[in-house]
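If you read the sequences in order, they're chains A and B.
So for the first sequence, the numbering used here puts the first residue at 27; every next one is plus one.
So for the second sequence, the numbering used here puts the first residue at 71; every next one is plus one.
Keep in mind that the hints were calculated from the coordinates and are not lab data.
Treat the hints with care, as some may be off.
[Unchecked claim] Only pairs whose alpha carbons sit at most 30 Å apart, straight line, appear in this in silico BS3-like list of lysine-lysine:
1) LYS335(A) with LYS230(A)
2) LYS245(B) with LYS208(A)
3) LYS335(A) with LYS199(B)
4) LYS81(B) with LYS338(A)
5) LYS335(A) with LYS405(A)
6) LYS208(A) with LYS405(A)
7) LYS208(A) with LYS135(B)
8) LYS245(B) with LYS335(A)
9) LYS405(A) with LYS245(B)
10) LYS28(A) with LYS81(B)
11) LYS456(A) with LYS245(B)
[Stated by the list, open to error] Computed from the model, here is a short list of chain A residues facing chain B with C-beta under 8 Å:
12) ILE172
13) ARG209
14) VAL246
15) ASN334
16) VAL337
No residue lacks a Cβ here, since even glycine has one placed at the ideal position from N, Cα and C.
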Amino acid sequence: MKRTGAEILCETLQRLGVKDIFGYPGGAILPTYDAIGRSQLHHVLVRHEQGATHMADGYARASGGVGVAMATSGPGATNMVTGIATAMLDSSPVVCITGQVSSKLLGSDAFQEIDITGITMPITKHNSIVSRAEDIARAVREAFVIAASGRPGPVLVDVTKDAQQGTCELDWEAATPKLPPKRLHPACEETEFARAVELLNSAKRPVILAGHGVQIAGAVRALEAFVRRGHFPVAMTLLGIGTFPATDPLNLGMMGMHGEAWVNRAIQESDLIVAVGMRFDDRVTGDLRTYATDARKIHIEIDRSEINKNVKVDAALVGDARELLEQLLPCLEPRDRSEWVEYIRTLKGHSAVRDIQSLPDSGHLYAAHVINDLWKETKGRALVVSDVGQHQMWEAQYYHHDRPRSLITSGGLGTMGFALPAAIGAKFAKPEDEVWVVVGDGGFQMTMCELATIVQEKINVKIAIINNGYLGMVRQWQEFFYDKRYVATPLVAPDFCALASAFGIRSEKVGTRGEVLPAIRKAREAAETVLLDFRVEQEDAVYPMVPAGAALHEMIRRPSPLVETATEP
Amino acid sequence: MKTLVAYVENKPGVLNRVASLARRLAINIDSLTVGPTENDEIARMTVVVHTDEQGARRVQASLEKLVDVLLAENISGRPAVVRDLALIKVAADQKSRPHLMELVKVFRARVVDVAPESLILEVSGTVHKIDSLLEVLRPFGVLEMARTGSVAMTRGADLLQPPAAAEASAGCAVKPN
Ligand SMILES: Cc1cc2nc3c(=O)[nH]c(=O)nc-3n(C[C@H](O)[C@H](O)[C@H](O)COP(=O)(O)OP(=O)(O)OC[C@H]3O[C@@H](n4cnc5c(N)ncnc54)[C@H](O)[C@@H]3O)c2cc1C
Ligand SMILES: Cc1ncc(C[n+]2csc(CCOP(=O)(O)OP(=O)(O)O)c2C)c(N)n1
Ligand SMILES: [Mg+2]
Chain A
27 MKRTGAEILC ETLQRLGVKD IFGYPGGAIL PTYDAIGRSQ LHHVLVRHEQ GATHMADGYA
87 RASGGVGVAM ATSGPGATNM VTGIATAMLD SSPVVCITGQ VSSKLLGSDA FQEIDITGIT
147 MPITKHNSIV SRAEDIARAV REAFVIAASG RPGPVLVDVT KDAQQGTCEL DWEAATPKLP
207 PKRLHPACEE TEFARAVELL NSAKRPVILA GHGVQIAGAV RALEAFVRRG HFPVAMTLLG
267 IGTFPATDPL NLGMMGMHGE AWVNRAIQES DLIVAVGMRF DDRVTGDLRT YATDARKIHI
327 EIDRSEINKN VKVDAALVGD ARELLEQLLP CLEPRDRSEW VEYIRTLKGH SAVRDIQSLP
387 DSGHLYAAHV INDLWKETKG RALVVSDVGQ HQMWEAQYYH HDRPRSLITS GGLGTMGFAL
447 PAAIGAKFAK PEDEVWVVVG DGGFQMTMCE LATIVQEKIN VKIAIINNGY LGMVRQWQEF
507 FYDKRYVATP LVAPDFCALA SAFGIRSEKV GTRGEVLPAI RKAREAAETV LLDFRVEQED
567 AVYPMVPAGA ALHEMIRRPS PLVETATEP
Chain B
71 MKTLVAYVEN KPGVLNRVAS LARRLAINID SLTVGPTEND EIARMTVVVH TDEQGARRVQ
131 ASLEKLVDVL LAENISGRPA VVRDLALIKV AADQKSRPHL MELVKVFRAR VVDVAPESLI
191 LEVSGTVHKI DSLLEVLRPF GVLEMARTGS VAMTRGADLL QPPAAAEASA GCAVKPN
């Protein structure tokens, strides 16, 4: 039976297990939309194509599968660029399908023609253009394999209108992905493996750096076994949060620019670093010349090009984190490293006095209080999607995640506006999960149009706006490094509650500490989306902070009256 | 200067991906040549880049990450034959022609076109050899020049072969945690 390319596209997606597509229609993709209408696929109409890509990204990160976004040619496709780049930098498997003008018009500057494969070349793992109906199934199947295998990433398939309209038989066998044969590297060289084992067994002050790759590899349990046997303390990158239970005594917390002081000190004083599925981002290392200078380094990483890119390592194990951790496990000699772990705990004790949680209630509402209450009230079981800025760092510091894929945030690109749409995608992936959006007043205004998507789809996500009246993270830099010249950071916002009600969404303003818990409770009881507008301290800063380019131990600490009485460790 | 050899899919856009990659890594390409292989689905590239050993490793690993690249190898430092080809149009009259013919012999170049006022010389060899020839030709007047950029091959038993075709095995199943 002959079918149109558009029908084949839908059939292919369905056979690949796709249920939800996030997209926005237009002329060049219209044949496909017509076919979607006749298929079992559920299409989520977004309000901006950037939102579609973030939703697909959120869907992918929450589920571990592939998220699918769709748009028309020209402006529809270019609106996807930010979302594609976001997925690229955080290794998220997203497949974007764009419509394109008919193949005979290619290169003629036809209406809404844009070279989207050219534009997205450096921000996709791969992309392709399909101009015949016969090639659609294979291209889409290949896109899924490429997006999800190895180091995941976004793939874009640009489908011309005539390919969607053309007809042919769907031959599933013939459409089997045939990717170019690749040279096979030995999973990991024996000498490197032996060196790693030796380093692991002789380390006195080791620290494991667990990254996003641990979750991607499905290596959470393998990591846990590894950590227990070696009695290793674990620090996490922002995207690694959730790979190891936050409440476990061996978990130190987040490392890096806004990592806890004791974590960074432990790294700087360690004699062995074991980096698993993390890429030594500059937010993680600070000044490379002063980074963990006493430590030997082992890097467990699937992407060869990450080895020795930022940090020179003593043993590189190239391969899948789960397989490698499982292979290393029997080689580990069980060790008691209580002394080292205990030492780190004392560092922690010194920092705790600076913690905002220990400050007496001064009548001010701090974002940290809001996040901490949210954590307590949800018992740490919510799936939190955070945006970018100060609130993102407070979320990372004060919401203690115990399970993988329970924090979704834009780390590498730091895309403001990510959280709301990504949370919508995450909710589609995990309808049973309690999904919370933690977002700033700035970032919320970037993609708040997606509130309409929430309403149209009747989904239930809880939105916590950390409203400080500023582009807070930038204001903080101006406070510290530009003599408090607050240029372009004070921010006027609409009345978010009035806005919510215009969309038909329930909301509540919260201005004091005492109101936080009741508001969260009420929101959780509601079976629909609720928006909470937390009016927090305007000029609060995220502490500690390693200034960009400084050494990891050169932290700016929270000035506090209590600090005077605390003894410096 | 580092020399890399790559086998790539012989299809449109691949050259663009390789060039785009170098630009993204902020590494200057000195020369890039592409040619067919025995298999018409596969092309062979020689890329000469301005970088150090560490940079070459990054280019190599990043190249191999491209879906369309089958294999990439940094052959700098390995025994290899590296050759450029140049066509050089040089001014020549009755008087200078014998001198030029002398140089052609010394450099084992060939005269491939003779006109009343000029000659075209064809010369192949190392970049250094071609540069040296150019140096001595300059006083006669070099009117035009076309160079291919380097092609390279490792010597002896050090074979660089594209990997054999294999079904894409990688699945896209969720890896549960
Ligand atoms: C305002 C702001 C502040 C920030 N501050 C901090 C901070 O203080 N601390 C911090 O940590 N981050 C911070 N970040 C985030 C930071 O920019 C990076 O995004 C983050 O550090 C990257 O974490 P990662 O390396 O674990 O994850 P990714 O960047 O996603 O890298 C994952 C790595 O795992 C590898 N991998 C993938 N699959 C596998 C597999 N199967 N097996 C093995 N390896 C695999 C990949 O190849 C990759 O190298 C901040 C971001 C923002 C926006
Ligand atoms: C799209 C985009 N533009 C600009 C920035 C730079 N930036 C990083 S954080 C930040 C401020 C965020 O303000 P807000 O959303 O109110 O969050 P807050 O820091 O106040 O918690 C800005 C402008 C960015 N990360 N993303
Ligand atoms: Mg703000």
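In rising order, the numbers of the hints this structure does not comply with: 3, 4, 5, 6, 16
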